[in-house]
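So you can see what is in the structure, the chains are spelled out below.
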Amino acid sequence: MKDVKVLGPGCSRCQATADMVRTEAEKLGLDVKVEKVTDYAAIAGYGIVSTPGLVIDGKVVHAGGLPKPEDVSRWLSE
Amino acid sequence: MSADVPLRGQEPQRDASSLVWGAATVAGVAVWFLVYFQLQPVSRWLVARLALEPGTRLADAVEFFLYDTPKVLMLLTLVVFAMGVVRSFFSAERTRAVLAGKREGLGNIAAAGLGIVTPFCSCSAVPLFVGFVSAGVPLGVTFSFLIAAPMVNEVALGLLFALVGWQVAAVYLVFGLSVAIVAGWVIGRLHLEGWLEEWVRNVRANPAELPPDGMSLKDRVRAGLDAVRDIVGKVWMWIIAGIAAGAFIHGYVPQDLLASIMGRDAWWSVPAAVVLGIPMYSNAAGIIPVVEALLAKGAALGTVLAFMMSVIALSLPEMIILRKVLSLKLIIVFVGVVGTGILAVGFLFNALFS
Chain C
6 MKDVKVLGPG CSRCQATADM VRTEAEKLGL DVKVEKVTDY AAIAGYGIVS
56 TPGLVIDGKV VHAGGLPKPE DVSRWLSE
Chain A
17 MSADVPLRGQ EPQRDASSLV WGAATVAGVA VWFLVYFQLQ PVSRWLVARL
67 ALEPGTRLAD AVEFFLYDTP KVLMLLTLVV FAMGVVRSFF SAERTRAVLA
117 GKREGLGNIA AAGLGIVTPF CSCSAVPLFV GFVSAGVPLG VTFSFLIAAP
167 MVNEVALGLL FALVGWQVAA VYLVFGLSVA IVAGWVIGRL HLEGWLEEWV
217 RNVRANPAEL PPDGMSLKDR VRAGLDAVRD IVGKVWMWII AGIAAGAFIH
267 GYVPQDLLAS IMGRDAWWSV PAAVVLGIPM YSNAAGIIPV VEALLAKGAA
317 LGTVLAFMMS VIALSLPEMI ILRKVLSLKL IIVFVGVVGT GILAVGFLFN
367 ALFS
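Here the protein sequences come in this chain order: C and A.
All residue numbers for the first sequence refer to the working numbering, where the first residue is 6 and numbers rise by one.
All residue numbers for the second sequence refer to the working numbering, where the first residue is 17 and numbers rise by one.
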């Protein structure tokens, strides 16, 4: 099971990112746990500067702006 | 070397698609110019069809509205697209890496400049602030970035250029940067690191190592189109409302009324404009058509610029967001320093240009 964290204070793009992760995981038939991290101190702890950030199995793969669906799909299947 | 092999295989296909996208972009820009230069004759023709008496207030207001609305929306689209492409070369993470090693002074200048081209959204202001400060970007340098990023933005510059002319847009750029550089430098000199909220000082994080984004030309053009959809899609209503207000001012507000309230001789108008601008939260899109109309009616340039900068750079909602990381004392210093800078710009302008 992939452990995915979406980092962001709850703006619309963070929500869109979380939805995108779920959709792409479904396409791949992957089991994912998507968790939203909204606490600023926790977000800062991941070392990113811009949101939404995406952490997959503890590794930061994206920061700032909506990721591309094909990238999300690639990160999930890695 | 072995890692290159699969990449090589993709290259021809990638080049072909980039070529198509590049050609489509060039064609799109050409069409843009063709349409743009037809706007004035078409709007004249439309006004003539409307059976309004030429030279009346109503006809003035209607012509202003019919010509300016498509003109402004088109110019804005072009500028936002161009900035979207430029921004795809920058990221907040890379900007931080550049600024982390910088000293104050040079760092403030770099931060203000990068504030224009780095993708930034106000909902990211807190993570950005914390991320910068915890990675060793000096507080004053961080402020230079945070002041420049919203104030000197492509929407403000594009609209000023479209409505008031490139000279005023250039002046706004130079003085917006100056306020960001000097205000950040002053805040840095005051050594207020202790006035940050406790938790911010305690953040210890290693900057995240992100995989390279490897964007192709196609991706960058798409980034530009996304920016257009996102920004123009969000602000077009504001612009139309602003132009309607501007059209009203054009047609109906008497010339000398504004000259006496917002003219050069009324020294108090600059501080009044700054104070008035703080609670007003409008993006540049809504305020600039009004600015243009005010200028045309005899308001002084310095007063109007001060008003604009205050509306955009000193906004209550942003301060409420920043309150999460800054103590109230630091926010007051921030408003004081930036407000003083804006006042200086206003007075300087009113003194220099008549």
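Hints listed in this document are in silico derivations from the structure and should not be mistaken for laboratory results.
Using N, Cα and C, we set each Cβ at its ideal position, and we do this for glycine too.
Take the hints with a grain of salt, since some may be wrong.
As the list claims (entries may be wrong) - Within a straight-line C-alpha distance of at most 35 Å, the following computed DSBU-like cross-link-like pairs (lysine-lysine) qualify:
(1) A:Lys87 / C:Lys73
(2) C:Lys64 / A:Lys234
(3) A:Lys313 / C:Lys73
(4) A:Lys234 / A:Lys340
(5) C:Lys38 / C:Lys64
(6) A:Lys234 / A:Lys313
(7) A:Lys250 / C:Lys38
(8) A:Lys234 / C:Lys73
Said to hold, decoys possible - Some chain C residues judged to face chain A by a derived CB distance under 7 Å, without partners named:
(9) Thr43
(10) Tyr45
(11) Gly50
(12) Val54
Review point. For this structure, which hints from the list above don't hold up?
Key: 3, 4, 6, 9
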